[in-house]
Amino acid sequence: MSKDFLRISPAFEDIMPAEYRELVASGPYGKGYGISDLGSHKELLEEHPLCAGCGLALSLRLTLSVLPAPEDTVIVGSTGCSALAFPQVALHNIHSLFGNQNAVAAGLKRALKLRFPDKHKDVVVVAGDGATADIGLDMVMQSWFRGELITTIMLDNEAYANTGGQESGMSPKGAVLNMAPKGKKFQKINMPELAREAGCVYVAAVSPANPKRLGKAIRRAILVAREVGPTYVQIFAPCPTNFKFKPQETIKRIKEREKDGTYLTREYISQEAQEYLAAMEGGNKDE
Amino acid sequence: MYGAVKVDEEKCNGCKVCVFACPDPNVLTLLKTKKITVNQDRCKACGLCASVCPKEALTVN
Amino acid sequence: MSVKIIRPTAAFADLLPAEYLELAANGPYASPKTINDLGNFKEIIEEHPHCAGCGVALGVRLTAASLPAPADTLIVGTAGCSFFGLAQAALNYSCSAFGNQNAVASGLKRMLKIRYPDTHKDVVVLVGDGGIADIGLDLTLHSWFRREKIATIMVDNEVYGNTGGQESGMTQEGQVLNMAPKGKNFAKIPVFELAQVSGCVYCARVTVASPKKIGQVVRKAILLAREVGPTYVQIYTPCPTNFKFPPQQTINIAKKAEEGHYSFREFISDEAQAYWEKNFSSSA
Amino acid sequence: MSITPYRVLVGPEGYLPPAAASRGVLLPEKGEALIEGAIVPEEEAMQAIATKLLSAKNPFFFPGPQLLWDWKEGVAQKAQAVKRLADLAGARVIPMPDYRPKYPMINPAVEINPNHPNLTIWHNKIDLCVFIGVHCHYANMALKIIRGGTSCYTVALCGEAGHEDAMISLCCMGMPELAKLTEIIRTMKGEQAA
Amino acid sequence: MIEQKVVAPEYLFNEAEREEQFITGSEAVREAIRRANVDMAISYPITPQSESMHLVGDIYAEGYIKEYFRGENEFAVMSSVAGAAMGGVRVFTATGGPGTLRAFEAFPTWAGARLPVVCAFMTRGINSPLSIQPDTLEMAYMLDTGIIMLHAENSQDLYDMILQAFMIAEKPEVHIPVGVFVDGFFVTHTRDRVKIAPPDIKLPPYNPYSAPVPVMDMENPPIRQMRDPFVMKSNFISYAAHASWQQEILAAAERSRRHIAHYLGSLLEAENENAQVMIVASGTAVSQSREAIESARQEGLDVGLVKLKSLRPFPTEELKAVTANAKAVIVPEFNRVGWLAREVRAALEAKVKVVGGPRVFGGMTMPPDLILDEIRRCANE
Amino acid sequence: MNKKVSIRMSGLGGQGVVTAAHILGSAATRDGLVSTVNPFFGAEKRLAPAESYVRISPVQIHERGEVLFPDVIMIFHPHVITMGKCYTMPFFDGLQKDGVIIVNADVFPEISADDCQALAKLNAKLYYLPATKVALEVGGTELATNMAMLGAFLNVTKLVSVEALKDSLAERFGGGKFVASGTTAALDDVLRSKYEKVSQLIEQNMAVVEAAGASLREFAVC
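Residue numbers (the numbering used here), protein chains in the order written: chain R, 1 to 287; chain X, 288 to 348; chain P, 349 to 632; chain U, 633 to 826; chain S, 827 to 1207; chain W, 1208 to 1429.
Calculated from the structure, these hints are not laboratory results. One or more of the hints may lead you astray.
Result set (DMTMM-like, lysine to aspartate or glutamate): computed pairs, CA atoms no more than 25 Å apart in a straight line [unchecked claim]:
#  : chain 1 : residue 1 : chain 2 : residue 2
1  : W       : 1211      : S       : 1054
2  : X       : 293       : P       : 607
3  : P       : 530       : S       : 888
4  : X       : 342       : P       : 607
5  : X       : 342       : P       : 362
6  : R       : 113       : S       : 1195
7  : P       : 592       : W       : 1403
8  : U       : 757       : R       : 13
9  : U       : 689       : R       : 14
10 : X       : 322       : P       : 395
11 : U       : 704       : R       : 22
12 : X       : 322       : P       : 607
Facing chain P, a subset of chain R residues (Cβ under 8 Å, in silico) [said to hold, decoys possible]:
#  : residue
13 : 33
14 : 37
15 : 138
16 : 141
17 : 189
In this text, a Cβ means the ideal position worked out from N, Cα and C, and glycines have one as well.
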């Protein structure tokens, strides 16, 4: 957007509620903020109805704080827990339907490219594991096959949480959940690997237990998607409500799973993306 | 388009490579004599059998 | 099936048209046939309306001749060219809606397992590239994730043949087709690799230029799917009609592809390899 | 089309009344306006707005995002003009900065939200409100809810085609129309004072 | 590509000198899109629609359209179309039969999201067993999706209605999708005379900033903007918000009446409306009826015809008016359920006898004689 | 002409029934008549049954879809009669009184006594010609079979002018506005490849049209 788009009409300055004035005064638009700036500025995400200790909410908040250009970012979401927080995000974002987020994003990205040929409009898909790996897998992968210049972020809580805790394709094998009363019978879907095979030029699996790494991955994914090709980031976002652990244990839980090797963090960068990033990150080593 | 493949029985050695090349079932069959025979009514004359025959025993008009 | 169901009742045997009698007497049900027996027995597919020189028809015919147990095989197909030959096959064949073949097959296989716990009922998905790689990709991959014991066979003509020659996800990059008027601008979908990542225990890639290989890999895929897990075979079946080459060129084109983008590939998981060696290596 | 023309009157009309458009109320053409469902010349509607505004006990203006944010050329001036108009009419201003279903609740003293505009109306005891600068879809939603559940008189100053669900609606509202309306109010106020 | 200049829609529709071409319905689609100033089109194969989108692809290659691609299935295509429309461009697609049903979830949400998409539906059979042949059954399912439904009788209608559809759909107070329905094969593959405007003119472009909802480009306020949030009664947000939203979609369709009448002349066309026997039909059934009526007139029977051009919004009042003198109304249809007869019956409120039929389906042709038989029966009663 | 004539063309996929219908309808339009043309495909498969329909009239035609009651039936391949490769059985189903049937066959296919009787009752005129043979001999390709059939049609009905037919052919293959779809496009390319120039394609195909008349035979029903 234009640099001074987020400006209140002078005539109405005095009647604007405080949160909007704050957003203008100390919001992140055009500032290039990163993870380390959190706490020092007005965030894009407002108060939302997600559960206490929600790993997904935390991941979402961290994700929003590292968008390289929030003023030119449009997010496409999908049905699920994340959709409950999105109305409270100070960005243009689209709910879409359940599972069609990458198809919507593909249409949107091409439309924006056509309308604004000279600037980068970052189209970022943020959806849950059910939307990405189950009902929407075809559309997710086809957007990658086609090389759509979008970033796909999966908030992986390993269950259908919003509908009450059913097994998803990303649930770990053996997990007893609704609709898997005897435990899930098959392995967690290997999405990072599928993403790589399907043509993603940057793939990362991260978690909010390491916010800096998460921030770096998201940033890289979005930058690479501007020019090189589709990118995928999978964020482990455990759900205290449906996996029945205490809200304060979310991060501990991530660390345990990372330690026992049942949730691997990893990063894959194609040669071309590597070169692009090297050029981009050359002068900016602080992350 | 209205023709059918013809077998030169002199040249055919019954190797059946043509049988594996035909997209249509039960068109080419191997006779007891170890020669291939063609069901003329069903042949679409595409020529695939001829394209693989090592003995050049098949021709499409 | 019980071979009885292909035995004409004595009272009406003389009334049955010749092709049915032939099928009973000389079809592949009574005694096991392999692809090497082609030309010597009555095939289970009858005359069909595929174009002359059709690679898909050839692929389907060779696959049908390679079934290890046609009497206990159920084919699940989908809309597309592959449908035409199979509609004339003496097999139980269901043509599902476009793209949902692997979901239909999953339900079918599980039900048959319950009804016939002691017999292997081979559920084989036999469809085109559009059905598997485009519209049905999600359902295909999920049947593999769930490790459904079905064999999925793609007859890949790299185009939507039946609807008049549109670009499919399996079309090669750069190819000009309908709906890709400036040429396809992304690579062929790597279904073979995706199958491995998604849990298939056996994958093979062949072309109609190598019929005996088709015979081997199809048989292997179906036998392994009985006990070990999902399997996938991808057969290159060039389309003379939509790629505008003379029908007699189909096999030559497939042969050339074997030296290029369609070289023979095979993947087998350790578990499947062990099972194969234990049970079938002598007969392979 | 219905035989007795439907009148868009001040509410509360009841539990989920149909949209006025579904009851046969048509939108005005340029130069025309709507008063309570009937098409009238624009001038007449402006007069009616002025009368209503000046006689209201507690009138409010609800500027929407298109006017609150200085996002393109001309908006700041238009916002200024609207502010002057409100001041002239003795109306207070409460903004509708966006349309989200806000969590957990809005502060009805300082803002209005299209998903439950009635909260703001009730809280501030508003008897007349003027919508301006709100995207048409959200304005229509809000106007229907207000008409269904409150006794607030609604006026819409629309830059596009107008709103059947407002009791008075202008369409094609630009700076000249705004100036004209201001002038009418000024004149009427002068007359009242005199 | 021919250099095109933007002209007023009225000029393109009514005034520009037209050339008569002997073309198929699919070619008529191409000629409409060529003049529609479309930014983007997305395709997926389904008979009998495919040819239309091939031809649209051809004009993309020629440079008339800026973006075009094949999606992976109809649901994805309709979703991508939604994304494009939210991004503020004029977008076109087409589907039919099973494709319509595969994509179905998208249509009510297109309407709910106020997307001015124009989609051509080339109807065909949808039930098992599979059929690629003409059948209008899918339209029954579409009636309550909230989209505007126009039904073309022939290629001329198809050409005109597609162009007009963009203008109707994009009116700020309407701004909901328009489906242009046409009977597959009977129109798409039939070669007929079609009068078309010169190729060097086109419609005015779409202005996304007049939309009744903010376009999703981060260039206009509000920035805190979600398309389209679900509304739950969990936090002071009333179900009334959702209900009011839905009313607004219905209202948008109502508002389209004036624009349909402006661009198409009317929502229905009536001939000989004082007749005692009236035929009410849409699509190809109108054409078959015309032949039957010609024969009936030669027999001295007095028959009138109502051609319904718009099915949503439904021209209830107009239909009542033009059938006021009728003692019987015959509704011939190309589907087995008779959805149009249901609509007509509901509109006429049992004041007139409504004969539901003749009906053919599964690809069968409707011989005008079948309709003639019904006319004779009704006339002699 | 003073009344509508409905023509049904039955053949096998790839024989050009759709193209023949297109050219005929287009020619009628050029002669100032009104025409509609529509094909019925099963699926676009070569050698599968294919039918197309042409209606020609001095006044506006509304009716569309299958021609159920043809005045003229053109049969492009004897298999239509002998193997049932058509959408209607028997092959003359729906033929109107005094109707015409033109068959591509070297000898008229054998038909049953009952069929003969039915045809006689209709006062049907039956013709046959070796259209494929003419196409090969004169046009140099069997793909000109449809032109031979049109030549026979012209000879029997005189419904459209030779000039109009030639112009339509030129427009169809002249590389102008017409864009053929899938399978038809493929065959178009094959056909074009048989001739060095489009003008040659047109000349030779028109030669086929003319030659067809000479080899046309009437078949006496019983």
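Starting from residue 704(U), check that the Cα of residue 22(R) is at most 25 Å away, please.
Given pair residue 704(U), residue 22(R) holds - Cα atoms ~21 Å apart, limit 25 Å.
Does the closest beta carbon of chain P sit nearer than 8 Å to the beta carbon of residue 33(R)?
violated (35 Å)
CA of residue 530(P) to CA of residue 888(S), is that 25 Å or under?
Within the cut-off at roughly 10 Å; holds.
Restraint check for residue 757(U) with residue 13(R), where alpha carbons must lie at most 25 Å apart
holds (24 Å)
Would the pair residue 293(X) and residue 607(P) pass a check requiring their Cα atoms to be no farther apart than 25 Å?
Not satisfied, since the Cα-Cα distance of roughly 31 Å exceeds 25 Å.
If you draw a straight line from the CA of residue 592(P) to the CA of residue 1403(W), is it 25 Å or shorter?
Within the cut-off at roughly 18 Å; holds.
Is the interface hint for residue 37(R) satisfied, with its Cβ closer than 8 Å to some Cβ of chain P?
Cβ of residue 37(R) sits 38 Å from chain P, so the hint is violated.
Agreement of residue 1211(W) and residue 1054(S) with the hint, judged by alpha carbon distance not exceeding 25 Å:
Violated, at about 56 Å.
Hinted pair residue 113(R) and residue 1195(S), Cα distance within 25 Å
violated (55 Å)
With a cut-off of 25 Å on the C-alpha distance, tell me whether residue 322(X) and residue 395(P) pass.
Distance ~22 Å between residue 322(X) and residue 395(P) Cα, so the pair holds.
Within a Cα-Cα threshold of 25 Å, do residue 342(X) and residue 362(P) meet the stated pairing?
Violated. Residue 342(X) to residue 362(P) sits at ~41 Å, over the 25 Å cutoff.
25 Å Cα cutoff - pair residue 342(X), residue 607(P):
holds (24 Å)
The structure is inconsistent with the numbered hints 1, 2, 5, 6, 12, 13 and 14, although it conforms to all the rest.
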